[in-house]
Each structure stands twice: as structure tokens, then as C-alpha cells.
Amino acid sequence: MRVSIIMGSISDREIADKIVAKLIEFGIEYDAKVISAHRALNQLQDYVKNAEDESQVFISIAGKAAHLGGVIAALTTRPVIGVPVKSSTLDGLDALLSTVQMPSGVPVATVAINGGENAAILAAEILAISDDNLKEKLKKFRADMSRKIANTDYVYEG
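Numbered according to full-length UniProt numbering, the sequence shown spans residues 1 to 158.
Hints may be right or wrong, so weigh each one.
Under the rule of at most 27 Å between Cα atoms (straight-line distance), these lysine-lysine pairs were calculated in the DSS-like manner [to be verified]:
hint : residue 1 : residue 2
1    : Lys18     : Lys33
2    : Lys137    : Lys148
3    : Lys140    : Lys18
Hints were generated in silico from the structure; no laboratory data involved.
Model the full assembly from the supplied sequences, consistent with the hints where possible.
As C-alpha cells, then:
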């Protein structure tokens, strides 16, 4: 099982680091590259074509025009998860709309703006369909998360 992470720019590395950390937590192999859909289209096409045999899921991280996820989805039948990135201009709304508004027949699953951790969890859920060990890790992750919430004390004193 492997997930390919493709950043549109090196400035997306902080989000990629969160994805990588979560994939490592679940024991999922990954590959991470910086390849712009606009500035290095031929390189992107070659990468997706070669990675498709080993990677079961692709995660794209892109801001502004954010066409990276859609281009990857056009090049593969593997699931693509898009992470829209918050930019200084429109706070990531431009990237969110570019990622989520895909034409019929070319879907990109989209998580929240800067939602790298959720992208990794969604990738793990996709892979867990055929991996019982990973399914159990996800169940434990959810149970641990639930316990943390249940053990959080907060009293509002207004």
C-alpha cells in the first residue's frame, strides 16, 4: 500500500508534513513530490503514469487555481484526494472551489482548506477496504480520539 503526495509548490510542505506524519502513524508507505500542474505538466504526466502501479491513492496539495488534483484525476483511475491551500488573496476559497468543482466523470475527493490530516485519514480509510490490519488501526484511532474528547473537562463560567 502506498500513497503518492503531490504538492504544487514547495510552499505546501507544511501541509505535506502533516499528511506524512499521519500516514507514518498508520504504517502506510508514501512518496512525496513537488510537481506543478501548470509549470511541469509533462513531468506530472510521467510521474502519475509511473506511480499508478504502486500507489493506490493520490493526494494533491495546491493553492490558488488548484488544478493539480483535477489533472491527476484525469491521468489515473486511482482515487485522488485534493487538499486546497489557504492563500493570501482569498483565504483558500479560490483553491477550494477549484478543487471541488470538477466536471462529471473526473472526481476529486476534497477535504477542508489546509486539511492535510483529514486527507491522510481518508486515504487510510480507502486503503482499509482491503486491509483488515489498517481497519483495526483506524478503529483504535477513532476510539482514542473519542476517549480524549470524553476526558476533556471544560466549565463555562460566564
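Evaluated hints:
1. Lys18 / Lys33: holds, 15 Å
2. Lys137 / Lys148: Holds: Lys137 and Lys148 sit about 16 Å apart, inside 27 Å.
3. Lys140 / Lys18: holds, 19 Å
When the structure is compared with the earlier hints, no violation turns up for any of them.
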